[in-house]
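Each residue of the sequence shown is one higher than the one before, counting from 1 in this note's numbering.
Hints were generated in silico from the structure; no laboratory data involved. Since the model is a prediction, treat every value here as computed from it, not as a measurement. Hints may be right or wrong, so weigh each one.
Label-pair restraints from in silico Cβ distances [stated by the list, open to error]:
#1 460 / 394: 17 to 27 Å
#2 198 / 286: 42 to 52 Å
#3 148 / 306: 53 to 63 Å
#4 330 / 198: 45 to 55 Å
#5 153 / 213: 18 to 28 Å
#6 376 / 344: 37 to 47 Å
#7 196 / 341: 14 to 24 Å
#8 308 / 330: 13 to 23 Å
#9 464 / 310: 46 to 56 Å
Virtual Cβ for every residue (Gly too), placed ideally from N, Cα, C.
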Amino acid sequence: MRFLHILPLAALSTAFIVPNEQIFSELAIDDTTHARANQGSWSEQVLSELKNDFFEAEKGVKEASGNAKHALDEAFSTASDFGSSMTSKVQETAFDAKSWFESATNEAYDALDHHEHPHPPHHGGPPHHKDPHHDHKPNETVWQLLSSSKYTEKFSKLISEYPEIVEKLNSTDSGNFTVFAPKDSAFPDHHPHHKPSKEAIKKFIEYHISDDFYPAGRVLITHTIPTLLEGEHLPGKAAQRLSVHIGLRGLTINFYSRVVAVNIFGTNGVIHGVDNLLIPPPRAFKIIDLLPSEFSTFELALGKTGLLDAYNSTDHPSGTLFAPSNFAFQKLGPKINGFLFSEYGRKYLKALILYHTVPDNVLYSDAFIKADAQDGIPKGHWHVDLPTALEDHSLSIDVGRYGGLIDIKVNAFSRVSVQDGIAADGVIQVVSDVLIPPKKLGSAKLRSSNWFSEKELSVEEFKARFEPFVERMIDL
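Assemble the whole structure, with the sequences as input and the hints as a guide.
Rendered as structure tokens:
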């Protein structure tokens with residue numbers, strides 16, 4: 001794992017360009033952290049190297065591009081030069097399910113395991129920040145930058161059909177916006193046989209815009225970003241979110257759209273360039289269905305219990321699905337699996353699925369949405385009990401957030417191994433083990449007790465964990 005953090009950084013340093021110098025001004029990172037790597041945490045080293053790579057990329061771009069007349073054109077032009085030398089081709093799809101599942105960085109979680117009680121980053125002195133030195137202060141709004149760039153003609157033409165969006169992006173009184181602008185080459189050359197409705201195009205545009213300010217430094221330590229798109233199937237019609245990931249292809253949005261230009265500042269926000277269109281996500285079940293090699297057992301369980309239609313419809317409540325992978329089911333052993341998928345075990349299998357389903361509460365790795373409120377998840381340790389669809393039973397969730405690293409555990413043991421499968425009706429969090437209600441000692445739950453921390457469960461012990469609940473199930 002010692003070289004794990006180097007690979008994403010190598011791709012990141014050539015994946016996009018920075019047209020001005022104010023990048024990490026909001027990050028409290030000591031410039032000498034990398035020199036004192038053996039004194040700092042793993043996450044500090046990663047963030048420090050990211051900072052260095054950003055400034056190196058910026059330096060090279062400035063030397064190559066000289067005095068450009070248009071910041072957005074300069075950014076996309078240089079990004080295109082970088083992109084032409086890249087060997088990997090980004091898959092153009094509404095949801096790259098395979099990339100999402102493969103995004104899990106188990107070694108990063110293992111690093112956290114070596115420190116059961118991690119401490120916040122520590123520095124020998126106060127953080128050192130370089131004073132930002134812009135070539136010039138922005139004098140154009142985000143809309144003016146988009147509409148005058150030769151690289152975003154198609155995107156700005158779409159936006160121009162919606163005066164209310166133009167007004168927002170052209171106003172300096174509506175706060176600061178963040179726009180993930182697809183370059184013209186991201187749009188298909190052919191015209192679709194069936195032109196999307198005006199409402200569908202508006203939703204598409206809104207999914208590229210956040211009404212919050214996310215310069216590059218903030219994006220790098222963020223897991224999800226709210227957009228202008230209203231989530232029709234989310235609690236309280238909360239904002240639909242984008243997922244941010246740093247991997248071998250650099251910085252990506254929704255795991256497939258690569259960020260190729262960053263920090264094009266306007267007077268009312270910032271623009272980041274992306275090389276693929278951002279399509280609003282499908283339902284959670286569709287994502288599960290796209291990954292049979294990972295979730296075929298779970299999908300079979302939905303079919304066996306008669307829950308398939310409920311999970312595949314838009315009528316069920318939104319929420320969080322803690323989805324066990326095929327490997328998680330395999331870890332249960334052949335006896336319990338044989339029982340669950342038999343006629344006699346069907347009601348227990350249904351209870352098991354309901355225990356993995358949290359209706360009306362959407363838990364992202366860095367945000368929590370309920371029917372009546374939205375909360376960010378603070379740094380450090382955060383705990384919440386989430387009521388499941390299995391009546392009178394909750395999941396105990398512990399989130400550890402340290403810089404850009406987030407670790408989520410369920411019932412104090414099972415780790416969320418793949419985070420933030422963003423869906424139209426909530427989010428999927430993939431768990432490393434099948435979740436089973438913990439033992440009870442009197443009236444007190446043993447939060448640290450789970451099947452894997454003891455000997456392997458027998459079928460009778462497994463049934464005993466669910467016996468009180470199999471007759472009292474909430475209809476989805």
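So, going through the hints one by one against the coordinates:
1. 460 / 394: 17 to 27 Å: Since residue 460 and residue 394 have Cβ atoms about 25 Å apart, the given range 17 to 27 Å holds.
2. 198 / 286: 42 to 52 Å: 24 Å, violated
3. 148 / 306: 53 to 63 Å: For residue 306 against residue 148, whose Cβ atoms are near 57 Å apart, the range 53 to 63 Å holds.
4. 330 / 198: 45 to 55 Å: For residue 198 against residue 330, whose Cβ atoms are near 48 Å apart, the range 45 to 55 Å holds.
5. 153 / 213: 18 to 28 Å: 25 Å, holds
6. 376 / 344: 37 to 47 Å: 45 Å, holds
7. 196 / 341: 14 to 24 Å: 42 Å, violated
8. 308 / 330: 13 to 23 Å: 21 Å, holds
9. 464 / 310: 46 to 56 Å: Check failed, 27 Å falls outside 46 to 56 Å.
Going through the hint list in order, the structure does not satisfy hints 2, 7 and 9.
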